[in-house]
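Student: Below, each chain spelled out in residue letters.
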Amino acid sequence: MIFPVEVSQISKAFQAGEVQVQALDQVSFKLMPGQVTGLIGPDGAGKTTLMRLLCGLLSIDEGEITVLGLDAAKQPESVQSRVSYMPQRFGLYEDLTAQENLDLYADLKGLAVEDRLERYKTLMHLTGLSPFTKRLAGKLSGGMKQKLGLACALVVPPELLLLDEPTVGVDPVSRRELWQIVYNQVEQAGMTVLLSTAYLDEAERCAEVILLHEGKVINHAPPKHFSEPLQGRTWLFESDQLTPRQLQLKLSLLSGVIDALIANQGVRVVSESTEIESILTAVDPAIKLQIKAVQPIFEDAFISLLKKRDDHSVNYSGSHQLSKSVSSAEEVIKVEKLERRFGDFIAVNDVSFSVKRGEIFGLLGANGAGKSTTFRMLCGLLPLSSGQLSVAGVDLRHASDKARQKIGYMAQKFSLYGNLTVIQNLHFYASCYGLFKKRKQEQVEWALEAFELSDYRDSNAKDLPLGYKQRLSFAVALMHEPEILFLDEPTSGVDPLARREFWARTNALAESGVTVLVTTHFMDEANYCDRLIIMASGQVLAQGTPLQLKQLAQKEAQPLPTMEEAFIYLIEQQTDQSA
Amino acid sequence: MNSPFLLIIALALKEFLALLRDKSSRFVLIGPPIAQLLVFGYAASYDLDNISVAIYNEDRGIASRELVGRIEGSPNINVLYRIQKESEIAGLIDNRDVLLVMHIDSEFSATIAKGESATVQLLLDGRNSNTAMIALNYLRDIILQLNRQWSDQKQARGPPAIIEARAWYNENLHSQWFIVTGIVGLLTLVVTLIVTALSVAREREQGTFDQLLVTPVHPVFILIGKALPGLLIGLIEGGVIITLAVGWFDIPLRGSFVALYLGLFLFLLSAVGIGLMISAICITQQQAVLGAFLFLVPAVILSGFATPIANMPDVVQLLTWIDPLKYFLVIIRSVFMEGGDLGLLWPQFWPMAIIAALSLAMAGWLFKHRMY
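Heads up: the protein sequence lines correspond to chains A and B, in order. The opening residue of the first sequence carries number 1 in this note's numbering; numbering runs sequentially from there. The opening residue of the second sequence carries number 580 in this note's numbering; numbering runs sequentially from there.
Calculated directly from the structure, the hints in this document are not laboratory data. Ideal Cβ placement from N, Cα and C applies to all residues, glycine included. Don't take every hint at face value.
Stated by the list, open to error - Pair ranges (Cβ atoms, derived): (1) A/E62 <-> B/S624: 56 to 62 Å; (2) A/E449 <-> B/G786: 23 to 29 Å; (3) B/Q865 <-> A/E449: 37 to 43 Å; (4) B/L659 <-> A/E77: 53 to 59 Å; (5) B/G786 <-> A/K30: 40 to 46 Å; (6) B/L897 <-> A/F436: 58 to 64 Å.
As the list claims (entries may be wrong) - Interface residues of chain B toward chain A, partial, derived using beta-carbon atoms under 7 Å: (7) L586; (8) R600; (9) T787; (10) P795; (11) H797; (12) P798.
Make a model of the complete structure from these sequences and hints.
Tutor: Right, dumping it as structure tokens:
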């Protein structure tokens, strides 16, 4: 049998500052032809490096790569002419129209002029972009840009298609469509596809999955094989006395529990053995629990495989020394008919909501839905075009400096000083929040300890691994013990383990009375919120508790819809109305 | 805010660290200024020491030989060609082989011997008018001296008036004295302006500015924190160049050191104000660099760094009033060569103080109104 890709014993290291990073370590695998193989692993696992090696864009330190029978290291040009690679940020020319972009890639790939019309027709039909061929690529939505990128990558049907995180930050509807295009290519043209993703639910859509961690292949098998060992070890816990958040906090601390995740009205638990009794006896008998056995999913397998590797379970509760009387009726954040225009473009349109003290309030939506713009207005970083808002009783844009003492802010992009060390960053921001001398020392020490940053205290912030950058940003936002936290896409690009750690901290904060406003494009993270709004193209589609929103999409065919299904339902409703 | 002083220190310290921990920006502060000092100090000079000349002498007389001898003896002149035909002249000048051709006609010595006035023709390459004028002056001097000698020899009455020139302050008219003192102003302006203009733009690009704006720090403190490093770096850099001017280029420092540093301080304060204004307007570092040069180039030309302000049209002269470099160049040249002090230079201090106050206030206003 001839494999389209054969990789044997390859290693690749990079020099990052003074540290040598082993991106790939003795990686070997073979890809089966004519199917989709998923490349899954946390950030920094080596996914992108592997993809770039496969199409000859990087040189290998050791080992051998054979792509379509060619040596990728020695004949990169021949490989590139038969392989299509779509990087995370595909090189669309934003000032050219969709059609002009396609023409450009057709020219680059040498597609014969007489074949173009037919190919364009097929691709435009497949991507549903036919009505938008004359639009500038820069003016397309995030999902449409990805689809156009994929169309450009497919303009000459390649024998091997490499897709690097094509679905990250894309709305669920476009995600579903992107997958359909990929499946279509596999079925119709017999293409071999290697696709990396940060969404674990997408693993189950692949025929085979390669799990990569710290440059090593952990496992390579069909997705079902991953979750098989977990049969009989996954449960759904529910309780009427506790909120899911409180229940999760309790369960995650018990020994014998590998993972506890809020799901629907309860908590999904992965146990170490099929024996659940030992866990149950550890729970306070006063709490009544309903327990159901559930089917394991890929994410359970991922967590149980990786959690064993770097095992650190920290108790996050009480990290915040906030002791304020919680009066939950008080509305801390109020937004009414908020609007923001940039020229003709309406980024935020008629958005209203309010957040009570101690709530976790979510803004859910794809990239470009207007979440960050809303956030920047709330934090006083951007003036409003019209409408009203108040945070802790004031508009932060015109408020006194004292009002800003009450808020903590974590930006979407890492935004601390990259060439300052961790400790210098902490000291600086402590001063900005009016912490000096002894108090400053205390809080900086707390941040180093609670966020396990001590090992990196003298490293430049820009050289930190992504997960640690996120911890540092979170520490900076929390050092002055704010009452209100603004978290803009805090989990974007972060692996599932770090995401769990982040949410555990956030939950603990909310339990101690901190109001949290968070944006996310991960649909499953909506379960952590008390209430949320779903946004698309600047508008609020729906507002309510996670359960209420999911019930919107309830019908006979799907009695227990997920948040993603609810989102797709709402988007379709909106399109129907406007049509 | 209970400790504004500690806060400002923290802000300024952060600026310094962000600047100095970065290899490339550290280099920008040290490399180019030293290179420019050497290039300007040695390469830029109005003195001509090697004027290439061709002589077309059709005369065989004593007078012409004496004239040619003098020209050949001059340390600034290098006689490269002696030509025999008029047709050779054009080629030499066109190819820039010589800067000027001196033509002495066949009647020259005979006319002088008769006691009458004779003519010498000078053909100059006017493509660089400045150099041509200087070369012409050198030759004029030689001929003037020769004239005087001849009239002495004949015991005739000399020319009715003789100019006796003596240059005050720069006795030997070293153009290096003029240029190196100007560089002090030029380089400190460039460094300070770039450091401050880039500082906010860099933070905007990296997203750190948002993080800073959501803290309770008042924008005025942010502004002060941003102003201090530029000011300090400018003062230190200015000190280094002044030391080199005295120690390396041997330019005498005759006036009040206090006046010089007060001038430098006010000058840098206005540079910081302008830098912060640029910074407040620009979103990216690229825009900030362009903005800085948009200010720098006219500021240097209008300052009288190289060309006299008196030669500019009246309208343009009005513009020079808002150029802080103009005032500082007067101060530094006066302190160095003329021995200027606080009293003498007062008219230069207050306009800079006004420019500084206005630009800083403007920068503060722009900060408040362009926070997105």
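Student: Against each hint, give a clear statement of whether it holds in the structure.
Tutor: Cross-check of the supplied hints:
no. : hint                          : verdict
1   : A/E62 <-> B/S624: 56 to 62 Å  : holds (60 Å)
2   : A/E449 <-> B/G786: 23 to 29 Å : holds (27 Å)
3   : B/Q865 <-> A/E449: 37 to 43 Å : holds (41 Å)
4   : B/L659 <-> A/E77: 53 to 59 Å  : holds (58 Å)
5   : B/G786 <-> A/K30: 40 to 46 Å  : holds (42 Å)
6   : B/L897 <-> A/F436: 58 to 64 Å : violated (50 Å)
7   : L586                          : holds (6 Å)
8   : R600                          : holds (5 Å)
9   : T787                          : holds (5 Å)
10  : P795                          : holds (4 Å)
11  : H797                          : holds (5 Å)
12  : P798                          : violated (9 Å)
Checked against the numbered hints above, the structure breaks hints 6, 12 and satisfies the rest.
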